[in-house]
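Visitor: Here are the chains, one letter per residue:
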Amino acid sequence: MKDYSSPGTTGLVMHESLLWEKGKQGKKGYSLPKRDVEHYPLDKELARENPPLPDLSELDVIRHYTRVSQWNFGVDTGMYPLGSCTMKYNPKTNEKQAALPGFTNAHPLLPLQMSQGALRIMFELEGFLAEITGLHAVSLQPAAGAHGEYTGMRIFHAYHQDNSGTKNKILIPDSAHGTNPASATMCGFKPVTLKSDSQGVISPDAVKENMDSETAGIMVTNPNTLGLFEDHIKEISEIIHSQGGLVYCDGANMNAFLGIVDMQDTGIDVLHINLHKTFSTPHGGGGPGSGPVCVTRELEPYLPIPRVVKENHGYSLSSDFQSSIGKLHSFYGNFGVMIKAYSYILSMGQELEKVSQTAVLNANYIRQRLKETFRLPYDRPCMHECVFTDELQENYKVATIDIAKRLLDYGFHPPTIYFPSIVHGAMMVEPTECESKDEIDRFIQAMAQIAWEAEDEPNLLWSAPHSTIMKRLDETTAARHPHLTGDLKGPE
Amino acid sequence: MRYLPHTQDDFQVMLQEIGVSSIEELFSSIPEQCRRKSNLQLDEPCTEWELNSHMRKLAKQMPDWDECSAFLGAGNYEHYIPASIQHLLQRSELYTSYTPYQPEISQGTLQSIFEYQTLVSGLLGMEVSNASMYDGASALAEALFMSLRIARRKSTVAISKAINPLYREVVKTYFRPSGFRVLELPYLENGRTDLGPLQGEEDLAAVAVQSPNFFGCIEDLDSTQQKIQDLGALAVTCFSEALAYGLLNPPGKLGADIVCGEGQSLGISQSYGGPGLGIFCTRQKYTRNMPGRLVGQTRDKNDNRGYVLTLATREQHIRREKATSNICSNQGLCATTAAMYLASLGGTGIRELAELNRDKAEYLKEKLLEAGCSIPFSSPTFNEFVVKFPSNFDYEQTVNKNIIPGIPLGQYYPELAGHYLLCATETKGREQLDNLVKEVNK
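Note that the protein sequences, when read in sequence, are chains A and B. According to our numbering, the first sequence is numbered sequentially starting from 1. According to our numbering, the second sequence is numbered sequentially starting from 1001.
Just chain B, with the same shape it has in the complex (with noise of 0.2 Å):
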């Protein structure tokens, strides 16, 4: 076997100096009982051609993309990713390293996440960002978590009804052998979160909304975050579609705690929903209670700028079950692509980028209204909407057709059963924004 180095010699000779006359030996430790009674039933070894052909095989039992259109978001986005960055990621030295724990030979991993932090911090209006998180949903319920650190004793948060309904399952998980208490706020008609449920709660670590939300509507987080704050309670707000602050206000610069959320739309490919990108930013008084790795400048003997792993005594290696969360592994290579596409956008490039999205989105809604759908929430939105589909409208044929006509949202709301999410970026032109349309006028 080709991952396998050694020759028959070279068993031999090492058995020898070992002082064993067998490899079984070196598992005479292990008792009896312990063993497996039989060989793995597993097939012979694949050669590489096999497995090409195995693999290429099952590929092709997913969409073939170049004849299909999916209008589909909610946590996962289809966006171009440069050749450029596809090649940069075949760099070996970034992505068979481990955690960068030797910084003299790690400054590459070290500077890149040390960029990432910088750029997503620029991105979101923030102060601090960590090296990442394993996703937005997780990332979300260690926002949550993080708040009621601060808060000491207050023991209940609330999390918009707005917000992606896989993150609130997620919250809900991490919630459940918690003790604390997490109340739902519910939506209002226009699409947003409704805080109205909120007043006289005296209890409140923390508030989360999202933005743009589930419903792809951008909430007021001027207005929000600050009746948030009001209330004493930390404003968290979430994201699961990064690339719209390129356009839009940073919630940092309107005063968020807390920002969190799901950064694959930087240049990450769907890849069936992960690995994607936890990103994790606050203020920087509350730095030390942030969960995750973190990446700070510091200086070598020499006095040449360099980077590494700090503020550690957070973190589980050293505070064991006193640290602020068990993360240890995070999504290292996902931030460095993050940072490579942040990089090869520029500013000029990603306001570029956010309002082309928006106005591929703003066209097709558009234009089914004029089919007869119905949009039935009148917030501002990005590159998601909500529609309703005329009643003769086929879900199903269309999807035949390769056409995939947004996410049905009865599954997560059932006063929204025939209502789909649907999703425009770039990556649609004009002509197949049109054919969706023709689908809904036949």
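If we strip away everything but chain A, and leave its shape as in the complex, we get (with noise of 0.2 Å):
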């Protein structure tokens, strides 16, 4: 008999040609207001032929992206423990709060008169997120999180010209998200790479070995992508405090953190967080997200203006700030992600430690019950996430991608792969708080049964997955041969 206990991946699929295959002039799938004013033509050097776009009807529009939808995996088809991104259940009441026609419909430059509404959301929203970092002052501006680590190392470049003179350097640990370095080199500095110790993390020697006078300060992740609390955080920030450096931490890993770590405490100035990982805002298959800015008292003259003030008569916009690092979006930033982390905070409350707890519980689970199938790099107890290795496969000529592509047949995403790049081989689990015991055990009875399967049947594993719509993709031609236009006058 089947077993309907695990997802699986088979199911209706339907095949579906791209948009401009399936247009002819003449349809339409709009409906245009009716004309009450007379025609003013245009200079015709001015204007253009009629854009090249294919004609459609709304049905074609719906059953097109009804049945690509249908090809995508997401949080709401199935467990999705990618390490980092904490993809945790996108609650339906946030998306039903941002959709109210009073926020969709607001312009970013209403009188502020008519604007309180929303005024008030963010306010409110930079209150929680203070209380829930322990930081003093909050900017929503920033559009995703390496848009606030931008956010940040602007701020250490403005501080460090107002207070010490320039500096041209800034430690990142070899464990760090790419766009750490990134960032920073956008705002002059140099990275110096510190190598993790043998426990995972870093080492004060490695800092204090680093740290100069030339060095802005670090940036840290916390818990690092090896899933693990950065054991001397403190001590590491006093020796970059000493020398006159800022501590910046990536809390794209907060979700081990809620109601129990006061990053202040840690030594931490400034702190980006994801609302669109730790506060249930949805990832929208990359992005819309939103990257808030957290810091302490002293850095506070330097957030990105305008600021949401409180005064006697409401809210107001204010730019009088003379130390601001400037503005970094066209107006406040993503508002409608802001509304839905506003109500998953309202809706959770006191209880988002219990996120944490939970979270942190669910990924310990998880790495002592595969702890014997995969190999543990670091074993220690981990936070919200554990990375596994595929050496135990080696052996059998099988690799983590191909761990990967497997448990695409059993009904999972794949944990994230080949992160962070200290670890050979990496998997990266992070399961969140919301999945349940059970979901948990079919996880890892999935994964017991590829290593099986490994080592029984590795072709199974070699030409996975096998039941969804495209087979692997080859990706050095995509590279080599670009091709990013499709040819709207034909097919392709």
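Derived from the structure by calculation, the hints contain no laboratory data. For each residue, glycine too, the CB sits at the ideal point set by N, CA and C. A hint or two may mislead.
[What the hints assert, rightly or not] Partial pick of chain B residues on the chain A-facing surface, computed with a CB cut under 7 Å:
hint : residue
1    : W1049
2    : P1103
3    : E1115
4    : A1137
5    : G1296
6    : K1301
7    : I1407
8    : Q1411
Put the two chains together into one complex, using the hints given.
Guide: This is the structure:
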């Protein structure tokens, strides 16, 4: 009999062509308002022919996107244990609140007295994030995590210019996300790589050795990308501060710390948060995200403008901050995303601490149950994610990529693979707090089954996935002969 | 709490399996001095009912859009969003997925983005588009950085003062630590950019203009872009109203090197300014200098057509400090929305819609002139224009009547104090347009 307990991946899958392969001139998928003014022709030299876009009917468009969406795996489809991405459930009520017409139709340059609802949400959300992180002040302007990192590095730059003069280096551990060195470089800092120690964390000695008066500070990720708490963070912060540097924390992994760690007490000066990770807003297949930045009292004057301020008569936007690094977004950031995070925090309230407790419990449970099956490079209790490798499977010529692709046949999104790059063949598993024990058990069972197949029937892994609409894709040719734009005039 | 699924039993079994006696034990690696000293000072969890009523109350502190008519543009536009698009955006396979790292189960996102790249390139007359940037402002900043990478030894860029002042602010923030020079070009009496001051400038990597520009004026891109390239610089054209290119000659056709701007108009709600959509296009030969994600077409093992993220060697996760940008997440779902919108309109519909936008604005312009307003800039416009109301016109009082007659320009251009930037899109019926004119006539 069929095993209904595992999600599997079979079902009705429809084929679908590209939009322009279905088009036919004269079709219409849009209802235009009636013309109630005359036509004012534009100079011929300024006007174009009709744009070369396909004409489609409304149903053509509906079916097109309904079909292609069925080729996608989302959190609503199944467990998505993508490490450092915190693919938690995106509550539906958040979507509903963000879709209230009062917000969706609001122009960002409305007179302030007509924007009080939006400004209050932003002001209160800043307050919530300050309370949750322990830091003093918050800017919601950065549109994504990397944008938040960039904001943090700009604050470092501005602070040093005001104080000890320009500094040109920054310390970044080898386990950091690639966005860290890229963001620092955009602000004129040259990254100096710190090697993680044998326990998978940064050692104070390595920091001491590299920290000098030319160095602006350090970018740490805590918990780090191995899912480990940076044990020496306090001592490291002290070393950095004693030489006039600042400490930046990449908060991509904040889901482990809610209600538990006081980031200011760990010595952090600037922290960015991903609302689309920790605070449940959907990732949208690659955005829009939101990357608020939290800072100490000392760094508050540098936050981006405009800032939301509360005055006697209500909320207002102020750009009257002389030391500010300036503006980073056309308006105030991704407000629509902020509403969702605000709704989530109100829905969770004090129970946010249980989020982190459960997320850490789930990761440790997986670590414990699979540690005999896959190698754990750092065999110690983890925070919200754990990292395995393919070392035991290498004997059978099976690699992480094969394990990941085979997992698709079992109906699970694979973990983050080959990251952090300091671990050979890494598989970084982050279950989040949202998965039930039953679902996690099914995932563990699938991983164990795959390990057994690796030994016994490795071909099943090499040729995986088998039940997805596409089989493995040729990424080499895609990069060698980039085909980035379709031919609007004909079939591909 | 409904988002936390474990039962008490589950907790016990899991703790036992791990070999600890309490959850607190799992956090034992965190030193006491790093821990919170008090519980979170947040309220009890809201029920869904409480949340609904709280959020409704906040939404009511925003204008009632059935009663209010706002003539606001300046980078964020009111356009009708078809119900079909709002419906499709609820496909959770699209909105609850991550960046498509596993192409075999992400073809929905990948094909949608490939289609987006293609449609947007077609709209702007360009060869290549990326998978999107955060917004128009950061897209412009990144375009200027990209020009400097291409030009190598040059260190100056010039931007028109008729570019949206909010975008110029962002460019300044991005450029401050870079050591590069940003020149600002004045605007002419007719509202277009004056390239005159660039004569003899030899260090120019790029010159950026906006069309339609902040004043709504359509720049003469044919000659402007040519003049810029004659100076040995790249022609960067930005925009804040993407819909204009349903009607206007696209910058790509007129030779632009980089075209970037804001795509919010393409089916994305206004949402108090974000999320929007940073559109970024260039010529084929500059592809490898582009920031951001790119989706490319390829084949799978069975020779089926499929899509993958490609040219990742430009990007931060491979190149780290040598990447073309630090961008990682972009505005994926907004890009997909724009593609849905463009597909719904088609080439025929977008032309018709764009004409209707211009006609509404022209009608309003004509009636306001008759009512004694002056229009300082003579260049042709799309759906926005600058106006000076007669001296007896009371802006505040009009706002109090739920008519918002444009954005005061004095805050951005002191020399234009008393002038307003007005926008009229297809959403404004003749009656609303006439009502604004009546206020001026009073």
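Visitor: Now tell me if each hint is right for this structure.
Guide: Hint by hint, here is what the structure shows:
Because the smallest distance between the Cβ of W1049(B) and any Cβ of chain A comes to about 10 Å, over 7 Å, the interface hint for this residue is violated. A cut of 7 Å between beta carbons decides the hint on P1103(B): the least distance to chain A is about 5 Å, and the hint holds. Among the interface hints, the one on E1115(B) holds; its C-beta lies about 5 Å from the nearest C-beta in chain A, closer than the 7 Å criterion. Hint status for A1137(B): holds, given a least beta-carbon distance of 4 Å to chain A, under 7 Å.
A cut of 7 Å between beta carbons decides the hint on G1296(B): the least distance to chain A is about 4 Å, and the hint holds. Hint on K1301(B) holds. Least Cβ distance to chain A is approximately 4 Å, under the 7 Å limit. The closest approach between the C-beta of I1407(B) and any C-beta of chain A is roughly 5 Å, which is under the 7 Å cut-off, so the hint is satisfied. For Q1411(B), the shortest C-beta to C-beta distance to chain A is roughly 10 Å, which exceeds 7 Å, and the interface hint is violated.
Hint compliance for this structure: hints 1 and 8 are broken, all remaining hints hold.
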